[in-house]
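Please build the complex by placing chain B on the supplied structure of chain A, with the hints as guidance.
Line by line, the protein sequences give chains A and B.
Quick note on numbering: the first sequence equals residues 19 to 447 in the numbering used here.
Quick note on numbering: the second sequence equals residues 20 to 340 in the numbering used here.
The reader is advised that the hints may include incorrect statements.
[Unchecked claim] Taking lysine-lysine and the DSSO-like style, the derived pairs with C-alpha atoms no more than 30 Å apart in a straight line are:
id	chain 1	residue 1	chain 2	residue 2
1	A	Lys162	A	Lys208
2	B	Lys221	A	Lys208
3	B	Lys256	A	Lys208
4	B	Lys256	B	Lys181
5	B	Lys66	B	Lys181
6	B	Lys181	B	Lys31
7	A	Lys45	A	Lys442
8	A	Lys256	B	Lys221
9	B	Lys256	B	Lys43
Worth flagging that the hints you see were computed from the coordinates, not collected in a lab.
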Amino acid sequence: MSSLLIRNGRIIDPANNIDQIGSLSIKDGKITELLSADSNATADTVIDASGQIICPGFIDLSVRLREPGHSQKGSIVSETRAAAAAGVTSLCLPPDTKPTIDTPAVVEFIKDKAEKAGYPQVYMLGALSQGLAGNDLSNLFALKQAGCIAVSNAGNSLNNLLILRRAMEYAATHDLLVIYRANETSLSGKGCAHEGAVASRYGLPGIPTAAESIALAQCLELAELTGCRLHISQISCKQSVIKLQQAKKYGLKITADVAIHQLHLTENDVIPFDSNYHVIPPFRSQIDRQYLRDGLANGTIDAICSDHQPHDLDAKLGAFPETEAGIASLETLVPLMLELSQQHGIALNHAIAKLTQQPANILGLAAGTLSIGQAADVCVFDPNANWQVNRQNWHSAGINTPYWQQNLRGRVTHTLQAGQLSFKLENPQ
Amino acid sequence: MTRHLQLTESGKLKHFLTIEGLSKPLLTEILDTAESFVDMSEHQVKKVPLLRGKTIINLFFENSTRTRTTFELAATRLSADVLNMNIATSATSKGESLLDTIRNLEAMQVDMFVVRHALSGAAHFIAQQTAPHISVINAGDGQHAHPTQAMLDMFTIRQHKKQFEGLKVAIVGDILHSRVARSQILALNTLGVTDVRVIAPKTLLPADVTSMGVTALHDMNEGLNDVDVVIMLRLQKERMNSAFLPSESEYFRCFGLSEAKLKHAKSDVIVMHPGPINRGVEIASSVADGSHSVILQQVSNGIAVRMAVMSMAMQSQGGAA
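Chain A with its partners taken away, still in its complex shape (with noise of 0.2 Å):
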């Protein structure tokens, strides 16, 4: 097989503590050797990184493919297409698709048409319950058998606490990883943005912090009864934070995410009416921002995802409440980590550790690093490229985000697939 050569790129390698000028050699597809900046090594191909970043793709915890079942919104082939774009190399796919992902036949169906795509790795989370419906228990050890990485109940909640009792139980059982998003329904409702200030101002239906932190505290006290791995998925909060802070002290193994977009918009930002800005958890105080930004700096929260949520136009048409949730973040991923590091304090490594090397830990993934003898999973980005939110910059099916026409800068322009380019940048500018 063909031998690659990335040269002269900063290799930043938080798994191994590497952060570099230097060249990365692939050969059958892993990682072969990394070469100091002045080697003059070459290879039947070589792609130049002279002022970019070379890192372990991402490792994605949660993107919608839309398919099977909202084809409208999006399909495993252009959504896969995007992740590749968006630099990432692995991804969780949650159970939510029609129908859900709660039989083998489904996990079925979906492994064989990503492998077809051809990009990233797709891992399926099974279903917790049988139609997400919170009653019953899907049949856990067959969607692991089938290959399920983990279980979850997507956005949905069960239905009561003893419900989740026996779940985590019953995935313990199995050794069985439980992702869960933390809401309490009924304090929930219908709301559609963040309890305070601006949804007050514009008469939208809130919804309270306490309706993540009081699920989420619910959750950490069965993770104790029960021994189950938990992680939580897409906190919002500064409760949420606190709440994870002192579970971890205490000696809990827990882990948690944290949605991209999070750590960088807030109430405040949410131009009126705009359903684009329309996000469940919904978008917080500057005070939770600041809670997230800081709990992501001190390892309170261990990964970031993008919680991409393609949707087709007539979803995001209507008057706010009625329209759907959800944004498509997948290709804003590097833009906004590297304003996270260069705005925010939190440095790059680190930024970059919690797209890679922690979401596979979090998995129990070997992947995630650039490891000799890994599979080269590679994402390489320029960090100066400036590009605008426009079609012809973008893979995904769905536009909907609050970036859409904006400039950022960060730019993915090579993925690298076990060794085989699942993206390149066509027409840097």
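Showing chain B alone in chain A's frame:
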């Protein structure tokens, strides 16, 4: 965005969606224009040909009698052709989207939509989506805004108090669910009222309500102390079923407007209510029908204010005769 959406490039009113972003001179212009129509309604012939040949659709996705009727009368007195559409029982219940409904009506060459909808932001959405020659007047969207109601209330206050500076105004009741209160607060603040109090139990106040430029109080006697204007809000019966309140009788005891509580206000206080009133729930009959009450004047003023807003919006479109 709101300002940009509501006003023409020269700052004239194009749509009327919310009070937010509108200047004091513009609100005053609405009040002054309404004044001229009040005089007119005392004439034998109550019509002016300002909107002759224009077609206005009253697009009500939510039931309403009073607001729709006054909009209809206002349009008729401006000589426009008016069509009432009660969509609550029509297209959308057949699964047609809001946008499809709008597109269909647009195709019928209308000039103005008067919109009421149960969701906040619906009027903004329609204004963004309609053809540029169509004006949209918000007749109430969800819990967001009811700007014509707020302006007719301002008109009524000005009739009685002459000026806004220095007034003390109390708004009492279900602020949380009230689009009327939100628009009133914005209008009062813009027109120069610095002492606006909202009086309600905590269950019926929105989060961070004081950020809206009001003082929040939970005691009527304290809240009504020395006020010039009391605005009572309607209490929906269903609030009893969802733990907002224990009972109507307890609500009336704490927050209902009785003659005894009204004594804490100034002697020339006016009592207002956007209607329809629940006698014995938020207001005692003796107060609603008493000498301080201006509730029925609000209704008559509603026609003049709506005429003002409609004619101004059409004028900015270059349409009014």
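Hint by hint, here is what the structure shows:
{"no.": "1", "hint": "A:Lys162 / A:Lys208", "in the structure": "34 Å, violated"}
{"no.": "2", "hint": "B:Lys221 / A:Lys208", "in the structure": "20 Å, holds"}
{"no.": "3", "hint": "B:Lys256 / A:Lys208", "in the structure": "20 Å, holds"}
{"no.": "4", "hint": "B:Lys256 / B:Lys181", "in the structure": "36 Å, violated"}
{"no.": "5", "hint": "B:Lys66 / B:Lys181", "in the structure": "27 Å, holds"}
{"no.": "6", "hint": "B:Lys181 / B:Lys31", "in the structure": "25 Å, holds"}
{"no.": "7", "hint": "A:Lys45 / A:Lys442", "in the structure": "19 Å, holds"}
{"no.": "8", "hint": "A:Lys256 / B:Lys221", "in the structure": "23 Å, holds"}
{"no.": "9", "hint": "B:Lys256 / B:Lys43", "in the structure": "36 Å, violated"}
Of the hints listed earlier, those the structure fails to meet are numbers 1, 4, 9, in rising order.
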